[in-house]
Amino acid sequence: MKNALLVIFILGYINLFAYDTQDYKRLLETKDCVTCDLRDANLSDLDFSGSDLQRSDFRGANLSRSVFLMADLSSAKLNDVKASGTVFWKATMDDANLTRIHAKGANFKGTSLKHSDLSYADMRGTKSWKVNFTEATFVHTDFRKAELGDAKFIRNDLRSSRMDGTLLWQTHFESVQMSANQCRHAKEEEALISTDTVCH
Amino acid sequence: MKKRLWVALLWGAMSVNALPIQKDEAFIQAIAKSQNSQKIILMIYTTDDCPECAYMKKKVFHDPAVEPFLTQHFEIIEKNVHRNALPDGYDYFGIPTMFFINHAGVNKETLVGSKRPKAFADDLHRIWKKK
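For the record, the sequence lines run as chains A and B. Using my numbering, read the first sequence as starting at 1 and increasing by one per residue. Using my numbering, read the second sequence as starting at 1 and increasing by one per residue.
If you are wondering where the hints come from, they were derived from the structure by calculation, not from laboratory data. Keep in mind that the hints are not guaranteed to be accurate.
Derived BS3-like pairs: lysine-lysine, alpha-carbon spacing no greater than 25 Å straight-line [as the list claims (entries may be wrong)]:
1) A:Lys-104 to B:Lys-115
2) A:Lys-90 to B:Lys-57
3) B:Lys-23 to B:Lys-59
Here the structure is a predicted model, which is why all the values come from computation and not from measurement.
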């Protein structure tokens, strides 16, 4: 009976941490962690500036208010991550999966998000100046009141995304599918819209 | 490792060529220019590759909700952080940074990042009131 209880307790304890404890320790000690399993880890209020975090799995992790200045998050899994107030300034996030990320008010200035997936992402009020969104995927992405000045949208479909109140000064739209309302707003904001952008 | 070095260099670059604001040539000229008007000095830190800086300078500063009050009550100094010497005690994290300084050289408030014209106009009125 005692042994059974012990086994149940140990199994329960193991299940508390979805992430790999060795990877978690390595990240905190060295700040670099390539292809690490950091699912559901609490990584809030920490500084990972300049860290190499390529291909790491952060699904469900809490990154709130942490700093990833110039970090490499290429091909990282950031699905369902909590990233309110997080700073990704000039980070490389190409091919990353940001599906359902909660990034309200986060700072993405100068990040590269080429070929990333931002479906169902909460990007409300983000500082996203000069972000490169080339061939990124947007399905019901929420950009309301985000600052997207000088950002690059190239070969994207934005029609299902919410863009009310976004700042689009000098934002580049090339070969993009947009709704008529989005196009009207972009023109009012002095965005740079190429002739091959389609306004439906 | 290389990236960390860049980050460290970025921080280190902030304190190069420091002088008190009272000895800063642009500040002295701005004070002389506005001696009788009691304007507040708006010192904005910029870089060449900063779209937010361009947005503030080309769009927001000239917006009808901003420009009349801005030109009446503020004297603007621009410092390119890559080319100009920066005054001592006026460090920054993020570009643009705007310092609002009175005639005595006292920094009354610091704003980081860009603002929409209406929000910036509200800031200017608030800062002017507390000068």
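| query | Hint numbers the structure violates, sorted upward? | reply | 3
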